[in-house]
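Trainee: What follows is the residue order along each chain.
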Amino acid sequence: MASAAISRGEILHLYRSLLRTARQFCDYNIREYTKRRTIDAFRQNQNLTDSSAISAAYSDGKSQLDVAKRQAIVYSLYAPTIKSVMEA
Amino acid sequence: MALRAAVLHHIRVPVQTLRLKTNPCAPSGSIRLMSSHDDHLTKEEVVDRVVSVIKSFPKVDPSRVTPEVHFQKDLGLDSLDNVEIVMALEEEFKLEIPDKEADKIDSCNLAIEYIHNHPLCLYGFDPHAGIANNPSLFEKSSIGRTGIWHIVPNDY
Numbered sequence: 001m002a003s004a005a006i007s008r009g010e011i012l013h014l015y016r017s018l019l020r021t022a023r024q025f026c027d028y029n030i031r032e033y034t035k036r037r038t039i040d041a042f043r044q045n046q047n048l049t050d051s052s053a054i055s056a057a058y059s060d061g062k063s064q065l066d067v068a069k070r071q072a073i074v075y076s077l078y079a080p081t082i083k084s085v086m087e088a
Numbered sequence: 001m002a003l004r005a006a007v008l009h010h011i012r013v014p015v016q017t018l019r020l021k022t023n024p025c026a027p028s029g030s031i032r033l034m035s036s037h038d039d040h041l042t043k044e045e046v047v048d049r050v051v052s053v054i055k056s057f058p059k060v061d062p063s064r065v066t067p068e069v070h071f072q073k074d075l076g077l078d079s080l081d082n083v084e085i086v087m088a089l090e091e092e093f094k095l096e097i098p099d100k101e102a103d104k105i106d107s108c109n110l111a112i113e114y115i116h117n118h119p120l121c122l123y124g125f126d127p128h129a130g131i132a133n134n135p136s137l138f139e140k141s142s143i144g145r146t147g148i149w150h151i152v153p154n155d156y
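For the record, the sequence lines run as chains A and B.
Residue numbering for the first sequence follows the UniProt record's numbering, beginning at 1 and increasing consecutively.
Residue numbering for the second sequence follows the UniProt record's numbering, beginning at 1 and increasing consecutively.
No lab work stands behind these hints: they were computed from the structure.
Only a predicted model underlies this, so the values are computations on that prediction, with no experimental measurement involved.
Warning: the hint list may mix true and false statements.
What the hints assert, rightly or not - Only pairs whose alpha carbons sit at most 20 Å apart, straight line, appear in this in silico PhoX-like list of lysine-lysine:
| no. | chain 1 | residue 1 | chain 2 | residue 2 |
| --- | --- | --- | --- | --- |
| 1 | B | LYS94 | A | LYS35 |
| 2 | B | LYS73 | B | LYS59 |
| 3 | A | LYS35 | A | LYS62 |
| 4 | A | LYS35 | B | LYS59 |
| 5 | B | LYS55 | B | LYS73 |
| 6 | B | LYS43 | B | LYS94 |
If we strip away everything but chain B, and leave its shape as in the complex, we get (with noise of 0.2 Å):
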C-alpha cells in the first residue's frame, strides 16, 4: 500500500486536457510486459545488479567491488558468506540455483555469467518499482511513447 502512494506520488504530472478525437492509440494503454523481443536481461543490466548486491552485504567494503571480485580471495569473506551472497542473488533474479552450481559460485565473473546464462532471468525492470519508475517499461509503453497523462473522454 504504501508502495502504491509512492507510485502515485511519482505520476504527479500537470494534467494535459488534450481531446483525443483522433487517437490511434488503445484509450486503456496497452503495455506488453513479456514481449518476446526483450525476454532476456542485457551484459550490463546483469552486472549492475549482481554488484549492487554484493556492495549491499554488510560485510562488503562497497569501494572494493568490481565486476571480476574473488569473494574469498578479494573480499575476505568465508564460505558461509558465500552462500549467503548466492542466496541474496538468488532472492534478487528470482532463481533457483542448485547447490552443485551454487557451490561453484566463487566470484563476481561466474555470479554473472551464470545468471546471464540462465534461461529464466525475465526480468528487465522491477516489478514492484511501477511503471513510471521503469525506464525500459516507460518507453515502450503508451503513455511513455505520447507523453498524455491523462485520457480525457470526449463528452458527446
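Next up, chain A with everything else stripped away, as it sits in the complex (with noise of 0.2 Å):
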C-alpha cells in the first residue's frame, strides 16, 4: 500500500471508521452490507501504486464513510420494532 500522499495509518483509519459505523446501523441487513461492502472495497483497491489513484479510492471512501453516519442516524430514527430473524 506505498502512497505518497495518503499514510497506511490513514487507510486503516477510514477503514475501521467505516466498520465502526457499520456496527452502528438497527437494521441487520444493512449492517451486513456495509460490512462486507467496505471489506470487499478495500480488497479490491488492496495492490494500487499510482498515487492519484489511491487518493481518488480514499476521497471515495471518506464520502462513503459520511453517508454511512448519516444514514446510521436516520435509520436509528426510525427503527423497526420487530427484530430480523438472524439475530435470535
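Put the complex together from the two separate chains, hints included.
Mentor: Written out as C-alpha cells, the structure reads:
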C-alpha cells in the first residue's frame, strides 16, 4: 500500500471507521451489507500503486463514510420494532 | 425468543416437590450478577475467548492458532485482517479499543494483555446463555446451591 500523500495509517483509520459505523445500524441487513462492501472494496483496491488512484479511492471512501454516518442516524429514528430473524 | 425457548428446553429437569417449610433462602432466587468479588475476567478466560475469536475468523487456519501467534507473521494475514480481528475482539468483549491501541495489537499475546488489563471487562459469563448454561453463575445462584428447581408453595 505505497502512497505518497495518504499514509497507511489513514487508510486503516478509514477502514476501521467504516466498520464501526456499520455496527451502529439497527437493521441487520444494512449492517452486514456495509461490512461486506467495505471489506470487498478495500481488498479490491489493495494493490493500487498510482498515487492519484489511491487518493481518488480514499476520498471516495471518505464520502461513503459520511453517507453511512448520516444514514445510521436517520435509520435509527425509524428503527423497526421487530428484529430480523437472523438476530436471535 | 428462540433463545428463550432453547434455554427453557435446557431447564427441563424433573421437579423435586420438596415442601419448603424451613427454607432459609429467599423465594425469588436472588442472583448477584455483578458481585464485587469477581469483577474481572481471569486470564484463562480471556485467553480462551480470544483464541476462539481468532479461530472463528474465516481466513485463519484454526490448528495454527496458539496464544502466542502473530497475526501477520504466523497466520499470514495482512493489516486489513488485523483491523477486522481487532473489531471482532471488540465485539466479543464489548469494549471500545481506541485506534492508537488497536494499531499496536499485532499478535494474540498483545490482544490478551490489552484485554486483561482493560478495566471494563466485566463479563465473566455469557449474558444470553441463561443461568443454566453459565457454570460460574449457576453455582452461585440459589438454584445451583440447593439443587431445587421448582419452589412449590406451601398450601395452608
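Trainee: A separate judgement is required for each hint: does it hold in the structure or not?
Mentor: Hint check results:
1. LYS94(B) with LYS35(A): Holds, because 18 Å separates the two Cα atoms, which is no more than 20 Å.
2. LYS73(B) with LYS59(B): 14 Å, holds
3. LYS35(A) with LYS62(A): 15 Å, holds
4. LYS35(A) with LYS59(B): 16 Å, holds
5. LYS55(B) with LYS73(B): Holds: LYS55(B) and LYS73(B) sit about 16 Å apart, inside 20 Å.
6. LYS43(B) with LYS94(B): 17 Å, holds
Checked against the numbered hints listed earlier, the structure breaks none of them; every hint is satisfied.
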